[in-house]
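S.K.: Here the protein sequences come in this chain order: A and B.
Residue 283 in our numbering sits at position 283 of the first sequence, and the numbers go up by one each step.
Residue 291 in our numbering sits at position 291 of the second sequence, and the numbers go up by one each step.
In short, the hints are calculated from the structure, not lab data.
Careful: at least some of the hints might be erroneous.
Straight-line Cα separation of at most 16 Å, EDC-like style, residue types lysine to aspartate or glutamate; simulated pairs [unchecked claim]:
no. : chain 1 : residue 1 : chain 2 : residue 2
1   : B       : Lys232    : B       : Asp220
2   : B       : Lys439    : A       : Asp217
3   : B       : Lys481    : B       : Glu465
4   : A       : Lys286    : B       : Asp220
5   : A       : Lys286    : B       : Glu465
6   : B       : Lys439    : A       : Asp317
7   : B       : Lys454    : B       : Asp442
8   : A       : Lys286    : B       : Asp461
9   : A       : Lys286    : A       : Asp317
10  : A       : Lys286    : A       : Asp252
Listed below, chain by chain, are the residues.
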Amino acid sequence: MSTPDKATVRYGPPKRGGAVLLLSALAVGMWALTPASVTAQALRGWVGTNVQAVQMRPLILDTIPASALELQPDGTYRYQGQAVSCVVAELCTVYGTADPTIAWAATEDVSFTAWGFGVQGLSFTTLLRGRSDMGSELIWPRTNDRFEALLAYAQLVRGPVRVRAGRQEIRGGLGFPAFDGASAVYTHRGLGIELYGGRSLARGLREPANTALQGLDPYLVDQSSYLYGGSVRGRVSAATFTARYQRELLADRSGLVSERGSFDFATPVPRGRLSGSLDYDFAMQKTGKGNLTLGVPFDEGHWLVELVGRRYRPYFDLSTIWGFFEPVSYSEGEVRTSWSPGGSFGAWVSGGYRSYGDTHTTVILRPLTGDGWRANGGVRWLPSGAWSVDGSYRLEWGPGGFMQSGDASVRYAPSDAWGVTASGQTFQQVEEFRVGDGRALGGGMSFDLGFGERARLTGGFLMLRHRDGGTRTLSPWNQTRGWTSLRINVGEDPGLANRRGS
Amino acid sequence: MNALAHKMRRVWRSFPYRIPAVMGLVVVLAGAGWTAATLKQQRPLAFPHQRHEGLFPVCTGCHEGIPNGDTASFFPSPEVCARCHDGSFMPQVSYTPPTLPPTNLRFDHNIHPAYLEMAGDSALECGACHVQPGGLHMEVLPAPRVQTCLSCHAHKASEHQVDADCSTCHVPLAQSGFSLSQIEAIQPPPDHAADDFLAGGHGVAAGQNSVRCATCHTQDRCVACHVDTDRKEIQAIPRAPEGMQLPAASAEYPTPATHADGGWLGKHGSQASRTACATCHTRNDCQACHLEPLPKPVKSMPTRDQVVAPGVEVTPRPPESHNSMFFMKNHSTLAASDAKSCATCHEESFCVSCHDGPSQGGYHPAGFVAKHAADAFGRQAECSNCHNTTVFCRACHMQSGLTAHGRLGGSYHDADPLWLLRHGQAARESLESCTSCHKQTDCTQCHGVLGAFKVNPHGPDFDAERAWRTNPRPCTFCHIKNPLDGGGQ
Chain A
1 MSTPDKATVR YGPPKRGGAV LLLSALAVGM WALTPASVTA QALRGWVGTN
51 VQAVQMRPLI LDTIPASALE LQPDGTYRYQ GQAVSCVVAE LCTVYGTADP
101 TIAWAATEDV SFTAWGFGVQ GLSFTTLLRG RSDMGSELIW PRTNDRFEAL
151 LAYAQLVRGP VRVRAGRQEI RGGLGFPAFD GASAVYTHRG LGIELYGGRS
201 LARGLREPAN TALQGLDPYL VDQSSYLYGG SVRGRVSAAT FTARYQRELL
251 ADRSGLVSER GSFDFATPVP RGRLSGSLDY DFAMQKTGKG NLTLGVPFDE
301 GHWLVELVGR RYRPYFDLST IWGFFEPVSY SEGEVRTSWS PGGSFGAWVS
351 GGYRSYGDTH TTVILRPLTG DGWRANGGVR WLPSGAWSVD GSYRLEWGPG
401 GFMQSGDASV RYAPSDAWGV TASGQTFQQV EEFRVGDGRA LGGGMSFDLG
451 FGERARLTGG FLMLRHRDGG TRTLSPWNQT RGWTSLRINV GEDPGLANRR
501 GS
Chain B
1 MNALAHKMRR VWRSFPYRIP AVMGLVVVLA GAGWTAATLK QQRPLAFPHQ
51 RHEGLFPVCT GCHEGIPNGD TASFFPSPEV CARCHDGSFM PQVSYTPPTL
101 PPTNLRFDHN IHPAYLEMAG DSALECGACH VQPGGLHMEV LPAPRVQTCL
151 SCHAHKASEH QVDADCSTCH VPLAQSGFSL SQIEAIQPPP DHAADDFLAG
201 GHGVAAGQNS VRCATCHTQD RCVACHVDTD RKEIQAIPRA PEGMQLPAAS
251 AEYPTPATHA DGGWLGKHGS QASRTACATC HTRNDCQACH LEPLPKPVKS
301 MPTRDQVVAP GVEVTPRPPE SHNSMFFMKN HSTLAASDAK SCATCHEESF
351 CVSCHDGPSQ GGYHPAGFVA KHAADAFGRQ AECSNCHNTT VFCRACHMQS
401 GLTAHGRLGG SYHDADPLWL LRHGQAARES LESCTSCHKQ TDCTQCHGVL
451 GAFKVNPHGP DFDAERAWRT NPRPCTFCHI KNPLDGGGQ
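Using the sequences and the hints given, assemble the complete structure.
M.R.: Following this line, the structure appears as structure tokens:
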């Protein structure tokens, strides 16, 4: 038996349990409970405590005695119905499951915007996150990255100009690049011009890639990078558009990490709305992702039909070899429709077909499929103000995986103060990340409970049990998941109060 | 006759309830007499005009203030009576000049003689209104004849309370001195019953003729609902004087038809102005959603503490786009094309708290993690926008056992032992999925010039020169020398 190599997935400082997290939670909790009158005009924000856990059985690679192999008609070997890999006939391995183990994740978020420092338009915004794996054996991704400042910037607004300095994030057609630097936005009537630049942070992280990925990537760049860019957004009548350009290069200017642009728009059209986006890789002169959506309502909006055209080509930083592997794009057409004759019932269905470009690869034996389908459908019924019933079905069928799933839930919420939801689901997932030809069946409960207008506690659990359908699978895909979250709003927070999770 | 009297006496004596009947009759008669005496005492003595007919040739001899509007001398003082009724020449009398009752009628005696004269009457012919036609000079009626008014001031309709010019006959309520009960007794005109009267009709009517409103209302009624009390229509209506009791007025805010439009929330910004919104809304309502910096129309709105009216209590609600069942999937496009719109309600931390790994949740549907594999292959959104593939995906997959073990076998992939021979197509179609488990070195061990098979991973459209110019560093991961100088394979 072998076990997953956990040493390779640890990064950051060695863990010290949840003491730090608990202390910080206590501190921010006390701060959060400060009377609103003290903080109302100078501070607003929220504090969120989240704890999640999953019990699962990791896959392990195990050896099989040659005598137990079953020779298949196509000349391959199997072991108790499972595919095996053999270097030579005497040394074969098969995937099985290890003993159940639990991964814990706890996060403590503190977000606030403070103003009123005697300078008109000056404010400070931060979103800080503390994490803990709570000493669990399995490490939830990133939980041993103890502390992170997701946002921390000062902002000055003077008339049409907004300037920010510090750690910030740009949201737009190129994703959510984060950086430590400065940005400025000038807005006049329907026109907005934005310029930004600073030290670049790794995608999805708040550290430069050269330090965040240390020990994880053998081809890691040895230096940080800088990004700069800008955007122009405008409004012409009821149509809006944004054009963006962004360049990221290594600190010593020896190479580009990316040079991309994007264009997004949304405009009313006769009887509907047309929106779209497209991004382009200037460095490699490749078109990336794009989509075009035409939405047309009928029957005074009770029926909505959307036609979607989509193209997807993944993007990789040019500091990796994958940026030069020439992945192909897929093109997809999708039709979505939703129907809601009244306020108590709604149904939706969508279907899409996608086709991948020519991969120009030599495939021996049976090639993979070059197209895929997806379909979704569901209903929502509100028999009364307190009850809601949801059901949905989903199918994904394409290269890499087949998955179909059904979900159902019943929610009872007699008031905004509390609610409880019972849910059930079943899914089948074969090929990659498979649960075999069997299916997973699961159910769970969740709740949400408000304490006045400022605090809300949510939580729940989900149990999934794998039925192998008699295929004698070696990898039962059983999981139990649980989560709880407490969020406390502080000060006047008109933008966010009581709206999260809705 | 005697026989009849005798017969009646016999009948009376045979009546069994004669004693109670007599007693009841006495009580009724006594009560009637007392009531009549009381009423006579309480009722102010009307001046017996007719008995004085010969003494007063003109009305203004006693009512001298009437022609010039001097209400203090509308009626004679008791001293005037005492000149004759001094107890010797004539018996003394008790006379108290009547108090003018509160009225909202507008009547100016001063200007009416001219009109009467034009109509053919004598300029001082008070009897034209105060005496029945053909009546004696001092045969004064208790109240003037309305018919005389209407002979000139003909109403436009048979109903009294229509869209006539009320001010012709009435003063504003604020000047009437009406008591609370009198105000409450005012019947609303028929047009007030229209369905759209509150929502829009009354504003149009006030704009056309606010004086008409002032007949029955004081400004206090307007400001009980209106936030924008500086409107000229409202300012034209007098406020109630100090001490005037008014009926309780509750604020009502009917929802305008425009607001019922599903897309109203998205459109309202282009139509927003103080004029359009401040009828019902205060700045506080706007700030239920809008964050700083506030749009100009919002800044122009009065705040709740500056006005009497409560204003509509706006409950923050998401725009129509958020109600789409597909919003979570599509919101990136909307956000990208109009991020400013998002910033109207959301702090940046609102986005980041979801777009940064496991924390608040909410972006992915419930149970997503258990079923995310198929999504990851046919992805519609770029996972790496929020999740670092190396740290987030691979760390979890490795612990789950979904990792490369340096073997060439493929019992995991598609349960296909010959997966390696097919993986090129899969990699081109879904390279992001490969990187969620594999390191770059997993690829270079075969694809590099030092690798086992030296398989070229570049596609037919690969521009090597451009790649080299852009960033030569990754080239060196597979190539020992500059591949463009013949160092490649």
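S.K.: Hints broken by the structure, by number, lowest first?
M.R.: Going through the list in order, the structure violates hints 4 and 10 and respects the others.
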